[in-house]
Amino acid sequence: MSAKAPSIAAPLLAWYDGHARSLPWRAPPGAAMPDPYRVWLSEVMLQQTQVATVKPYFERWVARWPDFASLAAADSADVMAAWAGLGYYARARNLLACARMVADRHGGTLPDTEAELRELPGLGTYTAAAIAAIAFGRRAVVVDANVERVVARLFAIETPLPAARIAIRDAAESITPQRRAGDFAQAMMDLGSTICTARAPRCLLCPLRGDCAAFAAGDPARLPVKAAKQPKPQRHGTIFWLERGHEVLMVRRPGKGMLGGMRALPTGPWGEAPTRLEGAPVGADWTVLEHEVSHAFTHFRLDCTLAVAAIDRHTDIGDAQWWPIDRIDSAGMPTLFAKAAAVFRSRK
DNA sequence: TAAACGTGGAC
DNA sequence: TGTCCAAGTTT
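-5 is the number of the first residue of the first sequence in the working numbering; add one for each residue after it.
Since the hints were made in silico from the structure, they are not lab data. Just so you know, not all the hints are guaranteed correct.
Calculated pairs, DSBU-like style, for lysine-lysine (alpha carbon to alpha carbon, straight line, at most 30 angstroms) [said to hold, decoys possible]:
#1 Lys250 - Lys226
#2 Lys49 - Lys333
#3 Lys226 - Lys333
#4 Lys250 - Lys49
#5 Lys223 - Lys333
If you anchor each label on the Cβ, the simulated ranges turn out as follows [to be verified]:
#6 His100 - Ala194: 43 to 53 angstroms
#7 Trp316 - Pro154: 19 to 29 angstroms
#8 Arg58 - Glu110: 44 to 54 angstroms
#9 Pro248 - Arg295: 16 to 26 angstroms
#10 His100 - Ala21: 17 to 27 angstroms
#11 Ala314 - Asp69: 47 to 57 angstroms
Yeah, the Cβ is synthetic: ideal placement off N, Cα and C, and Gly gets one too.
Can you make the complete structure from the sequences, with help from the hints?
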């Protein structure tokens, strides 16, 4: 532990004792430790996702599946639908796989070491360390985007991300205390999300101001330096709305790839140029709507043509799944298709 | 190492 | 409206 450790951990933990956010996955007042199931679930939901977005999903989730046993017994379709709108759907697939692994191989109890946690699906370096520290009180070096930012400023690390990750991890290790590592991790994250923010940090409220090299240098918001991002390419596709009576045709997307495993409306291929009616689920008298749906994913933008048709209520088109149109919101589709469904339903 | 992988809040 | 960015993991 470096000489800097006491000057960081002690004031940070003191600040945390007075300013910790009350969050549904944290231990209630008086409880020694939080429920590992809730810590695990919240940490997976919080991957690349803000607290305000996660809260309602978390509350619904624990009401429906309160522990590993109940989740392990759940149907995949129900789990994917419950995750709809939260994004990064591989998390939901891995979440169910992890719950079943915990139920089958670990007796329904999450392992309590960082190394064992790291072996479970969906748990990477960050999440395994976070669970080990927060749920089990083990000393672990927990580095998320908040910690990266706080540490880069505390130590005035000028190397651009992602190359700076090694130096940042070493610096984080040097200030992580032996005791209360879980509180320390959560304190760093609370500090990063409320005070040491990406833009316009509130340094005058910061308990670490006196130890911060970036504050001393005068421009903490400049750090961490990040590499330039690639522009997002534009892609085009078509979403098909096939009605049969009061129902609409739905599909389940392939298990891997974009929106993998999710219930969805049928689409054609997504290409460089508009694809019109290519890939339509059936030969039918398709009408193309004037209104398009645009959606921005992480690494490309998508403009979708919307095509609608109706077939006779007795027509059989194989293993199709038909969904009641007036209950389309309960289908649990990703946001792209929820947006498209709203347009289809409101058309004149 | 780099690309794939969602979404919504904040400004 | 556009851009940045967020409690990252997997391949």
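The hints, checked one at a time:
1. Lys250 - Lys226: 22 angstroms, holds
2. Lys49 - Lys333: 22 angstroms, holds
3. Lys226 - Lys333: 21 angstroms, holds
4. Lys250 - Lys49: Cα-Cα ~27 angstroms, so holds.
5. Lys223 - Lys333: 27 angstroms, holds
6. His100 - Ala194: 43 to 53 angstroms: With a Cβ separation near 44 angstroms, His100 and Ala194 satisfy 43 to 53 angstroms, so the hint holds.
7. Trp316 - Pro154: 19 to 29 angstroms: 52 angstroms, violated
8. Arg58 - Glu110: 44 to 54 angstroms: Between Arg58 and Glu110, where Cβ atoms are some 27 angstroms apart, the hint is violated.
9. Pro248 - Arg295: 16 to 26 angstroms: Hint holds: Cβ distance 22 angstroms, inside 16 to 26 angstroms.
10. His100 - Ala21: 17 to 27 angstroms: 22 angstroms, holds
11. Ala314 - Asp69: 47 to 57 angstroms: 19 angstroms Cβ-Cβ, so the 47 to 57 angstroms window is violated.
The earlier numbered hints that this structure contradicts are 7, 8 and 11.
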